[in-house]
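**Student:** Sequences are here, hints too, so could you generate the full structure?
As you go down the protein sequences, you meet chains B and W in turn. In this text, residue positions in the first sequence follow the numbering used here: the first is 1, and each later residue adds one. In this text, residue positions in the second sequence follow the numbering used here: the first is 1, and each later residue adds one.
FYI, nobody ran anything at the bench for these hints, they're computed from the structure. It is possible that some hints are incorrect.
Stated by the list, open to error - Per the computed footprint, the stretches of chain B lying under chain W, defined by three or more beta-carbons under 8 Å from a beta-carbon of chain W, are:
#1 38-44
#2 73-81
#3 163-177
#4 183-197
#5 226-239
Even for Gly, the Cβ is constructed at its ideal location relative to N, Cα and C.
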Amino acid sequence: MGIYKYLAIRTLNMVLIIIVIMTLTFIMFYALYVDIKMQEIKQIVRMEVTDLIRRGVKMSPEQTDQYIKERIEYYINAYGLNKPWYERIWRVLYDLLTFNFGKAYYLTAESGSRDVSVIILERIPRTVLLLGTSTLITTILGLWLGLMAANRPQSIMDKSIIIIGLTSNAFAAWWVGLVLQYLFAYNPLIPYEWRLPAFGIVDATRTYTSDFEKYIDILRHMILPVSALVIVSFGGWALVVRNLLIGTLAEDFIMVARAKGLPENKILFGHALKSSAPPIITIIAFSIAGIFGGVIITETIFQWNGMGMLIWEALMQFDIPIILAFFYISTLLIILANFIADILYGLFDPRVKTG
Amino acid sequence: MKPKIVAFLMVTVFLVSILAINFVNVSKSVTAQEIKGPKSDRIIFKQITDDTQAMENVKTGGDRGGTDIHFFRTPFGTIKSLLEDERVVVVFNKRGGYTSLIFNPVPFSVTGKFNPFEYKEFRQAMQYAAMRNFMVSEILVGYGSPMLSGISSYDPDWPVVADVVEEMGLKDDLSLAKSLAEQALQKAGAVKGPDGKWRYRGELIKVKIFIRADDAVRFQFGEQFAAFLANQIGLEVEKIYGDLIKAFYDVYGSDPKELKWHIYTEGWGAAGFIKYLEGTVAQFYSPWLGFMPGWATPGYWNYENKTIDEITQKLVQGNFTSKEERDELLRKALKIGLEESVRIFLTQLFDAYVYNKERVRGVINEYGGGLANRFTAWNIEALRSPEKPIIIGVKYLTRGSFNPIGGLTDLYSVLIWNTLAAPSMVRDPHNGDLIPYHTPYKIIQTSTTPVVDVPEDAIIWDAKTHQWKQVGPGLKAKSAVEYDIIYSRWHDGSPMNIYDILYNFYFIWEWSDEASPDDARYSAKYSSTLQPYIPLIKGIKIISDTKLQIYIDYWFFDESEVAAFLTPWTATPWQLMYAMEQMYIDGIGSWYQDEAQARGNEWIDPIFPTHSTIIRQYLDSFYEADKIPDALTAGQLPVPPITLDEAKQRYARSSNFIAQYGHAIISNGPYIMIKYQQNNVIEVSANRQYPFGPEKWSGFGEERLIKVVDISYKESVNIGETVNIDLKINILQTPARAQDVIIKYWFYNPTGNIIGKGDATFVSDGNFRISLSTSGLSPGIYSFKIYAVSKYAYIPEFISGKFIVSAIQITSPPTTPPPTTPPPTTPLPTEIETIISPTPTPTQTPTTTPTPTPTPTPSIGLFEIIIIVLAIAIIAALAVIFLRRPKPTAT
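**Tutor:** Written out as structure tokens, the structure is:
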């Protein structure tokens with residue numbers, strides 16, 4: 001199969017997958033949304049009537065019935081609930097494919113805009129900062145520990161790293177986050193001035209005299225959430241890298257390299273790691289794709305106003321446009337990541353090239 | 001001589017030092033009394049969505065990176081640890097949320113399936129199975145009280161309906177519940193099998209209970225209730241667990257005849273302090289409002305009760321001519337509701353709020369809202385680090401919009417807005433009485449029928465011709481109220497005046513009336529919201545810039561409610577309204593959220609930079625174009641039209657304000673919003689040009705609660721003797737007068753029936769007596785219950801006790817047992833529990849008031865220290881000089 005044909009088929013696959021996933025997501029959420037919205041509307045209208053009564057407005061039963069009927073009709077029209085879902089879905093899919101996400105129902109950007117694109121673009125950099133940093137640290141730490149463990153199999157260091165890795169992998173992110181908050185932000189044994197910030201991106205009660213001071217404060221605010229993410233992730237990385245490299249280090253070409261007298265570092269990084277790169281790169285690619293999704297729980301615990309918190313708020317308030325946009329972009333990124341990983345795999349490992 | 005001089009000098013210096021210190025303190029006190037606006041210069045509202053983190057922040061304190069108080073109720077599970085924490089004070093709002101059960105009474109004739117809840121007797125039996133005391137003591141661990149009806153014992157209307165509730169004899173009695181339930185089932189034709197299960201026509205009787213699993217309290221109770229039905233009664237019980245969303249489907253979204261539920265565990269939030277509860281009774285017991293099974297949804301089976309519908313409609317429509325008539329209707333409606341028992345109430349929850357007592361003082365507890373209210377924000381001040389701003393934690397800064405027409409619909413934005421806006425009237429946070437702030441009033445005349453002449457030159461706004469016009473002769477109204485207006489100053493520096501008031505009235509008439517199909521100044525949603533009100537406003541008459549009369553077709557026996565119906569006041573300057581109107585007209589924004597969706601534009605929110613920029617652009621364009629709104633110039637305006645100069649000044653000031661602060665929240669209250677960061681903080685600064693000072697609200701910091709200091713009665717009496725119960729009652733350590741309190745009592749015979757009731761007799765200040773003659777009574781153990789409440793703070797005290805009526809003379813000295821503990825000597829039957837507020841166990845002390853406000857240690861400033869040090873140094877120097885031994889001289 002030629003490379004171009006392969007790319008074309010993969011691209012078509014990608015589009016089909018997106019359409020199927022978004023259709024399912026839309027159906028799932030929209031049907032639920034309509035039902036819930038109808039009940040909400042009835043509650044709202046009844047509360048309106050009760051509020052009028054409490055404020056001293058007198059209405060006859062017929063007037064009340066008429067009022068309730070008109071108000072329910074008004075809300076149904078306002079929310080477009082009088083249209084069946086299959087009439088709306090084509091429009092929604094087209095809008096999604098053209099990156100027109102419309103307006104959010106409830107949430108807004110800091111400027112006040114309800115444009116979903118504006119809201120998402122505002123939040124993405126924060127998530128990238130947080131998760132990018134933690135991914136980078138996790139990757140480096142995981143690689144280093146994995147290499148060390150793989151280089152000395154069955155040694156005390158190897159066993160220690162395995163134990164640490166398994167333990168780290170078993171931790172729940174939310175639990176680690178809460179523990180770190182208690183230990184370093186709310187611990188009564190630590191003087192107030194030395195405590196780390198428990199949540200937020202900046203201390204909004206402070207007035208910064210310079211941008212540098214603000215960036216330092218941002219870094220301070222990142223310490224706990226990044227630590228939480230690294231603690232729960234690095235162990236898995238270390239184990240994966242260790243397991244990959246143990247096999248590679250047992251290969252003949254490594255023995256040859258050692259026999260040639262090459263320094264151990266060069267053997268590890270120049271030969272072993274390089275040949276184990278494809279699966280590692282695949283994992284990195286998916287991690288980067290996952291950055292968009294954010295880590296909902298961590299961002300919520302630390303009130304880090306990124307994509308994770310956004311989707312959490314959207315789910316709580318059933319803000320459908322944001323939910324759809326989020327799932328769409330997440331899906332797109334994962335599919336793209338998969339696609340790019342496939343290409344990179346071929347580049348690093350000539351054995352898997354097509355055509 | 002020298003020692004005397006030294007002593008004299010020392011005393012003089014010491015006295016001078018003391019005087020100097022006192023002078024400094026006195027000077028400070030004088031300055032404090034002259035303060036206008038709130039006590040604190042700056043407040044920062046900080047968003048903390050996680051409740052547990054919020055509590056940790058309060059413990060830390062606002063001057064140390066945390067917060068000083070949290071404007072949201074404390075998580076239930078943290079209350080105990082907070083009560084033990086010395087840094088914080090927990091304040092209980094006893095009018096918090098409440099829980100109830102609702103039953104699906106759809107009959108067999110509709111579904112073909114036996115439904116025990118179809119039968120009133122079975123539903124009534126459930127009242128005795130509600131285990132309210134168990135819920136309060138075990139599930140709420142004392143942070144709540146039993147609730148027997150839709151009107152709780154903490155509501156001001158409780159004394160009106162207390163007799164009705166007491167006569168129902170509702171109590172926790174599982175044996176009685178089981179007995180009554182089984183009788184009802186038998187009567188309905190069901191049969192109890194040898195396995196203890198009930199069957200109808202051979203089929204097991206099954207019921208479904210929908211338990212709200214997302215609420216710990218309702219979850220636990222639901223489990224208990226299901227166990228009772230299954231194990232004690234012998235029904236097949238299917239438990240359905242779900243959250244609100246699932247409830248929308250299975251309960252509110254389903255036709256009762258589908259029998260997706262038989263029982264649902266309901267929960268209600270506190271809706272603020274309501275003094276008169278006709279609406280509440282209608283909501284909870286009458287089908288016509290749509291809160292009963294069927295939800296008034298066409299096509300569904302709906303629970304019907306024409307009698308209660310008629311009575312509650314009369315109540316809410318004001319079809320009564322006196323308070324007595326109204327009270328009687330209320331009692332009737334409640335009695336029917338209790339007898340029907342389609343909805344039964346379980347408990348009232350005590351919401352807890354917390355603040356850091358080392359750091360702040362001056363919080364005010366508002367019944368219904370807890371500490372999260374405007375008075376706390378205006379009255380709070382720092383005890384420690386006063387140079388740092390007060391930090392108030394909020395769950396959310398806003399969940400809606402700040403536009404004054406269609407926004408301010410969520411609790412969070414309302415809290416912030418109330419801090420910034422000056423109110424025309426406020427309700428006393430402890431008894432709901434209306435207190436005029438900026439609109440003191442006088443009722444000119446009020447009547448149940450429209451007999452009040454509306455002056456010919458009273459005006460209304462004509463939306464068709466867009467101008468003011470006089471009402472003309474012959475118009476009548478039910479009430480006429482005259483207001484004096486005490487203006488504030490707008491946050492942008494503009495003086496408030498009659499034009500702001502007029503603009504508010506203009507808006508009501510203009511935007512609710514579709515003068516023509518292309519009327520740009522019309523909002524269907526606004527119109528429908530105001531439709532019931534508009535016909536009631538007959539006209540306004542401007543007497544002067546600060547005096548105005550309003551004529552309305554509204555009557556209520558409480559004249560303050562008449563005055564509060566429509567006050568001549570606004571908290572948004574006219575130029576801002578004018579600019580937002582233009583946003584609406586030009587299709588950029590809408591007043592309401594759903595309106596914005598329908599019109600495809602934005603929900604106007606002056607807090608957002610984009611919207612405030614647009615508003616500013618409009619203001620600048622008005623300035624450039626010399627525009628003046630017709631509301632302030634057109635027609636038969638009884639005041640001179642606004643001048644162009646004044647209008648332009650208004651535009652300029654507001655524009656500058658927006659440029660400076662980046663938002664358009666311009667109001668007239670004690671605080672100005674100076675900073676807004678979405679999902680982060682709102683910073684407000686004191687408005688020292690506000691006309692009132694803390695003396696206007698700081699008095700609310702004291703809750704004038706009733707305190708039953710002592711109760712004495714004879715534990716045993718002979719038949720024929722009179723039982724006298726003497727009560728010593730104080731309000732804030734002062735003996736209560738007759739007009740200060742309501743004290744109701746009920747006597748019960750050994751079988752629990754009421755044999756006497758009434759109001760306590762006033763003897764002298766602080767002394768009240770309740771009497772019952774025992775003539776004609778049989779020997780036995782009798783009991784009493786007393787409800788005592790201060791009219792200034794509606795948190796009652798309940799007292800109960802027992803006494804023996806004997807045919808034999810028993811010589812025991814009269815004793816004064818503690819109010820809530822039965823006499824310990826004689827073993828008295830205890831299988832029947834009375835519904836009283838349980839005495840909290842020693843480790844739990846729910847109080848409505850905080851522990852006594854910490855007396856701030858006298859703050860000694862640097863100046864005082866210098867004085868003292870100098871004084872000591874001088875004294876020491878003098879002592880050295882004069883007491884030094886003279887050198888021996890050579891001889």
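**Student:** Evaluate each hint against the coordinates.
**Tutor:** So, going through the hints one by one against the coordinates:
no., hint, result
1, 38-44, "holds (count 5)"
2, 73-81, "holds (count 6)"
3, 163-177, "violated (count 0)"
4, 183-197, "holds (count 5)"
5, 226-239, "violated (count 0)"
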